[in-house]
Amino acid sequence: MDPDALSLEVRRAQAGDADAFAALYRAHVGRVHAVCLRLEGDPAAAEERTQDVFVRAWDRLPGFRHESAFGTWLHRLAVNVVLAHRRTEWRRDLRVTVVEEPELLEAPRLAADPGTRMDLDAAMAALPPGARAVFVLHDIEGYGHAEIAEMSGIAEGTSKAQLFRARRLLRKALDR
Amino acid sequence: MTGQRPDDETFLRSHISDLRRSIEPAHDLWPPIEARLTPRRRVGARRPLYQLAAAIALVAISSAVTWFLVRRDIAPVVVVATAPVDREGLARLARAGDVMEEGLGSSDLAPETRAVLARNLVVIDSAIAECQRALDADPGSPVLAGLLRAAHRQRVEFLQQAARLPRS
Numbered sequence: 225m226d227p228d229a230l231s232l233e234v235r236r237a238q239a240g241d242a243d244a245f246a247a248l249y250r251a252h253v254g255r256v257h258a259v260c261l262r263l264e265g266d267p268a269a270a271e272e273r274t275q276d277v278f279v280r281a282w283d284r285l286p287g288f289r290h291e292s293a294f295g296t297w298l299h300r301l302a303v304n305v306v307l308a309h310r311r312t313e314w315r316r317d318l319r320v321t322v323v324e325e326p327e328l329l330e331a332p333r334l335a336a337d338p339g340t341r342m343d344l345d346a347a348m349a350a351l352p353p354g355a356r357a358v359f360v361l362h363d364i365e366g367y368g369h370a371e372i373a374e375m376s377g378i379a380e381g382t383s384k385a386q387l388f389r390a391r392r393l394l395r396k397a398l399d400r
Numbered sequence: 007m008t009g010q011r012p013d014d015e016t017f018l019r020s021h022i023s024d025l026r027r028s029i030e031p032a033h034d035l036w037p038p039i040e041a042r043l044t045p046r047r048r049v050g051a052r053r054p055l056y057q058l059a060a061a062i063a064l065v066a067i068s069s070a071v072t073w074f075l076v077r078r079d080i081a082p083v084v085v086v087a088t089a090p091v092d093r094e095g096l097a098r099l100a101r102a103g104d105v106m107e108e109g110l111g112s113s114d115l116a117p118e119t120r121a122v123l124a125r126n127l128v129v130i131d132s133a134i135a136e137c138q139r140a141l142d143a144d145p146g147s148p149v150l151a152g153l154l155r156a157a158h159r160q161r162v163e164f165l166q167q168a169a170r171l172p173r174s
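Chains as they are written, first to last, in our numbering: chain A, 225 to 400; chain B, 7 to 174.
Just so you know, these hints were derived from the structure itself, not from any lab. Honestly, I wouldn't trust all of these hints.
A few chain B residues facing chain A, derived, Cβ under 8 angstroms [stated by the list, open to error]:
1. Asp-14
2. Ser-28
3. Met-106
4. Asp-114
5. Gln-138
Cβ pair distances, simulated, as ranges [to be verified]:
6. B/Arg-26 <-> A/Asp-283: 54 to 64 angstroms
7. B/Ala-116 <-> A/Lys-384: 19 to 29 angstroms
8. B/Asp-144 <-> A/Ala-346: 48 to 58 angstroms
Output of the computed footprint for chain A on chain B, the stretches with three or more beta carbons under 8 angstroms from beta carbons of chain A [stated by the list, open to error]:
9. 15–25
10. 30–44
11. 123–134
Backbone N, C-alpha and C fix where the C-beta goes; we use that ideal spot for every residue, glycine too.
Whole structure, please, built from the sequences with the hints as guidance.
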């Protein structure tokens, strides 16, 4: 969808036009679903969160002021929806102590199938949830540790430790 | 002789650049999403609030005319402001509007009234965004700051009127 058409659809959707909102859904669902899938690590949960994101977007669209691109606004909303949903569980998973060998903290779910080469998406899905969240937000989505800490309700040091841990585990899986 | 092993971050970088930015879900999620959309904001029965709509149109048109004159370097007939840009005041007005809009969102207005309000707020928000973009491009302009302030005030006044509308 070209920017002018997109802007028109956004304005129509803001005024309550569900058909325009359907067009926005078609244009953006792949990107939203990708971030939900990587954060959740589970296709069924990712589809549920994707639905939640678009329902929330519909409710909040009247407040969208076109100060950023609609896609950027929607992406940020998607991250917030997933984080809000997972916060309690992530807090539990992220309560770790920083140690020299982070892989000793928790037995990872990586590679039940020795000898099978994994791609990054599969390896990420197998990470412990806390480590996966920080890796996706930092290395893929480009958030800083301070933002991740604020959004997830964890300490910045914990975010750094989880990133170190995630990278180490992913490399181990992909190096096979 | 063996090369130095890259660190984990470097090693993963090429894998990350290969990731797809978009992944379509396995199922069409639109039908369940559509079923969950709150009908209060859909375009529904037409019972426009003529007076409110006219007021909004007037503001939008006068802002557009003034902006056109400003852009053409012709002195506008209506001088909006000559004082320095009061960013704190603008922020306060914006916050006041946000609070009022939030309050309105939880009130029990009729669905068709909500639809009319939403449509008119879109017009005002567009005017605010347009003024804001112009002010960002020319941050010291008291004229643009005045236009932005007028648009924010219009939003607050519109929401005040809306708050006085009869509930369903």
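Hint check results:
1. Interface hint at B/Asp-14: satisfied, since its Cβ lies 4 angstroms from the closest Cβ of chain A, which is below the 8 angstroms cut-off.
2. Interface restraint check for B/Ser-28: the shortest CB-CB distance to chain A comes to about 3 angstroms, inside 8 angstroms, so the restraint holds.
3. The interface hint given for B/Met-106 is broken, as the beta carbon of that residue sits about 12 angstroms from the closest beta carbon of chain A, more than 8 angstroms.
4. Checking B/Asp-114 against chain A: minimum C-beta separation of about 16 angstroms lies over 8 angstroms; hint violated.
5. Using the Cβ-Cβ criterion of 8 angstroms, the hint placing B/Gln-138 at the interface with chain A is satisfied: the shortest such distance is roughly 7 angstroms.
6. For B/Arg-26 and A/Asp-283, the hinted distance range of 54 to 64 angstroms is not satisfied, since their beta carbons lie about 29 angstroms from each other.
7. At about 52 angstroms, the CB distance of B/Ala-116 to A/Lys-384 disagrees with the hint of 19 to 29 angstroms.
8. Our hint of 48 to 58 angstroms for B/Asp-144 and A/Ala-346 holds, since their Cβ atoms are close to 51 angstroms apart.
9. Judged by the Cβ-Cβ criterion of 8 angstroms, the stretch 15–25 of chain B is covered by chain A as claimed, because 7 of its residues qualify and three suffice.
10. A count of 12 residues in the stretch 30–44 of chain B with a Cβ less than 8 angstroms from any Cβ of chain A is obtained; the coverage claim is therefore met, three being the minimum.
11. Note: the stretch 123–134 of chain B has 7 residues with beta-carbon separation from chain A under 8 angstroms; the three-residue rule is met and the coverage holds.
Violated hints, in rising order: 3, 4, 6 and 7; the structure is consistent with all others.
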